[in-house]
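Engineer: Just so you know, the protein sequences line up as chains A and B, in that order. Using my numbering, read the first sequence as starting at 1 and increasing by one per residue. Using my numbering, read the second sequence as starting at 430 and increasing by one per residue.
Don't read these hints as lab results, they were simulated from the structure. Note that the Cβ used here is the ideal one computed from N, Cα and C, for glycine as well. Misleading hints may appear alongside valid ones.
[To be verified] If you anchor each label on the Cβ, the simulated ranges turn out as follows:
| id | chain 1 | residue 1 | chain 2 | residue 2 | range |
| --- | --- | --- | --- | --- | --- |
| 1 | A | R402 | B | E557 | 47 to 55 Å |
| 2 | B | H513 | A | P143 | 24 to 32 Å |
| 3 | B | T593 | A | L12 | 22 to 30 Å |
| 4 | B | G588 | A | Q280 | 53 to 61 Å |
| 5 | B | T593 | A | E164 | 49 to 57 Å |
| 6 | B | E557 | A | R37 | 51 to 59 Å |
| 7 | A | R428 | B | V589 | 33 to 41 Å |
| 8 | A | D30 | B | H513 | 35 to 43 Å |
| 9 | B | R600 | A | V400 | 24 to 32 Å |
| 10 | A | D315 | B | S508 | 51 to 59 Å |
| 11 | A | R416 | B | H513 | 23 to 31 Å |
| 12 | B | H513 | A | D169 | 23 to 31 Å |
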Amino acid sequence: MRGRRRPADAQLIEQLLAEAARRVPPLTEDELRDLARASLAVPRTPLPARARGARSYVRWAVALSAALVVGGLGFGLGAWSTPSGSAGTTLLGVGFVPAKGWTVVQSGAAGQTSALSAVAANVPLDPDDDLQDAPYATLESLPARGVLISAKFGVRGNLSEDAEFPVQDLPLRVAAAERLSPSLEPLPVAQNIAQYRLRAAVRRYNVDVRLYFGRRSPTEAQLRIAQSQLDRLVVASEPVTLVARPTVHGGRGPLVTLLGSVASGKAGEDVTIEAKECGQTSFRGITVTHTHEGGGWSLQYRPTMNRTLRAVWKDAKSAPVSIQERAWVQIGSLQRPGKGFAFEVEISAKQQFWRRHVVIQRFDRRLGRWTDIKKVVLTDTDAQGGASFVWSSGEFRLFVPRGTLIRAVFPLSQARPCYLAGYSNQLRT
Amino acid sequence: MATAGSPAEPSSPQRLPSGFEDAELIRRAQLGSAAAFEQLVLSYGPAVHRFLVLRLRNDGDVRDTLQETFTAAWQGLPSLQSPHKFRPWLLGIAAHKAADVVRARGPVGDHELELHGREDETLFEIREAIVALPPLSRDVLLLRYVLQLSEEEVALALGVRLGTVKSRTARARAALSELLA
């Protein structure tokens, strides 16, 4: 081109650049789709709660159960909960019974999560919505006549949380709801939505209800139909409740909080925590705790392998809760003469993992993900006298560029049945 | 936005209704819709690709940077406040990722000329001239004239003032004119 073309002014430069752009060989549609899918393979890092409130993206978590028969109560109710390994034994009595023309969904499982959710609306719900947050996609298109009620049910037992929920009986009243200011509690939707909040402690649950109306000021008719659906809110609880936060525990991570409450609502009641460890067939008492004012109780707990817990109060037993433990994996470098880098990987657990393997991964910056580079068999085991933990370890060499970020993964196939997969610390070679 | 009452005919295997505007796609992608994000990549990918081909010397870098750009876009979408700023926002990510690549390669690596399309002499020479420009001038020129962004959008994409965009554009045009003369 030199010597052939002399762009004298801006217009010529622009034309030249436009020509260059036209000459760039285009990507095919398949290449673009591959590009998108590879990007989607990298999980999104959760935003801080405040930002996430605007754009939560988890789909409807568990879904759609409406109107199962609850014999003792005599009407249909949203969900039967089945904690893993105990199908169909536990009734989770919280949720909405749908009024005529309403759609109801519920999510969560008894004991497995600290909060259960239910949504009722007189319009169809958007499948992009998130039950654990708020149904923003539905709210975005909520017509003026629309009413949506969302309720979260948290097990009582945490003193500071419980203080924000005044004890009430059902039915809850729309008239008692507090209007939320759009400037203080903004909704990430373009619509003019009126938002109300109602908090109440009902039986063993803290119930946090949000009412949304598709106009700035709800009409009398809307308030009436909202009340008719709120009348169908059901909170039927076991005599003693138990939840665990979190239900997956990482080796040296923070302790698990166990909490719940008893039906008497009195302080000083004895609650026994029983556990069934992986491989055992029966529950054994592990500790006794006492209720505080209001009948709630809580304690900190360190599980050491997969196990199922339950709370026992008088003759009543709570729904069992499964807690899973991640194998604790550590990787460290060794000073060994020879080529490449030398490392040791160790697993600490209540059982030995001799002859099982760990996978060594390196972080691929280009793909933004971890890729497998080596399998290492654990060839040594050791335990200190009197300790309940056993070390399983193996040594290996890597031939990777200096500065490569590596980690060890103890896969589920090797860790089960008593542990979940474990992930080590990250190490730069 | 999908037209109310219009049948939701699938425009792709991902079953997104036809007639979806970008703002709606962006909103859905922010909420986590993979199908919407894929549509955005189909719409905006070619522009980002053109920008990177002309911005970087090495074709491997182009592919890697393109991937990193969309991975970062997917990660960062929930924090994008104004969907109408999506295009400059996305190209801003691409410009910064490209700058990272050039910085990482250093003065030696940046001279590895592995231009795709050597057979196209015009493209080859324009690319050679563009990569010889100072980085900011290079970005300004490409965003302004190759991708047809307004000066305000270029300023937004690169995080610089409007005046800087104007002065850099003029300077880059003059420099490119010299290089191609």
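Engineer: Is 51 to 59 Å right for how far apart the beta carbons of E557 (chain B) and R37 (chain A) are?
Structural biologist: Since E557 (chain B) and R37 (chain A) have Cβ atoms about 34 Å apart, the given range 51 to 59 Å is violated.
Engineer: For the hint 22 to 30 Å, verify it against the beta carbon of T593 (chain B) and that of L12 (chain A).
Structural biologist: At 24 Å between Cβs, range holds.
Engineer: Can the suggested window of 51 to 59 Å be confirmed for the beta-carbon pair D315 (chain A) and S508 (chain B)?
Structural biologist: Given a distance of about 52 Å, which is inside 51 to 59 Å, the answer is holds.
Engineer: Is the hinted range of 49 to 57 Å satisfied by the C-beta distance from T593 (chain B) to E164 (chain A)?
Structural biologist: holds (51 Å)
Engineer: Just to be sure I understand the hint, the distance between the Cβ atoms of H513 (chain B) and P143 (chain A) should be within 24 to 32 Å; is that true here?
Structural biologist: Given range 24 to 32 Å: holds, Cβ gap about 25 Å.
Engineer: Is it true that the C-beta distance of G588 (chain B) to Q280 (chain A) lies inside 53 to 61 Å, as the hint says?
Structural biologist: holds (60 Å)
Engineer: Tell me if the beta carbons of D30 (chain A) and H513 (chain B) are separated by a distance inside 35 to 43 Å.
Structural biologist: At roughly 29 Å between Cβ atoms, H513 (chain B) and D30 (chain A) fall outside 35 to 43 Å, so the hint is violated.
Engineer: Within 33 to 41 Å: is that where the Cβ-Cβ distance between R428 (chain A) and V589 (chain B) falls?
Structural biologist: For V589 (chain B) against R428 (chain A), whose Cβ atoms are near 34 Å apart, the range 33 to 41 Å holds.
Engineer: Lying within 24 to 32 Å: is that true of the beta-carbon distance R600 (chain B) to V400 (chain A)?
Structural biologist: violated (44 Å)
Engineer: Regarding R402 (chain A) and E557 (chain B), is the given constraint of 47 to 55 Å on their beta-carbon distance met?
Structural biologist: violated (33 Å)
Engineer: Is the hinted range of 23 to 31 Å satisfied by the C-beta distance from R416 (chain A) to H513 (chain B)?
Structural biologist: violated (49 Å)
Engineer: Evaluate the given range 23 to 31 Å for the C-beta pair formed by H513 (chain B) and D169 (chain A).
Structural biologist: At 49 Å between Cβs, range violated.
This entry does not satisfy hints 1, 6, 8, 9, 11 and 12, going by the numbered hints stated previously.
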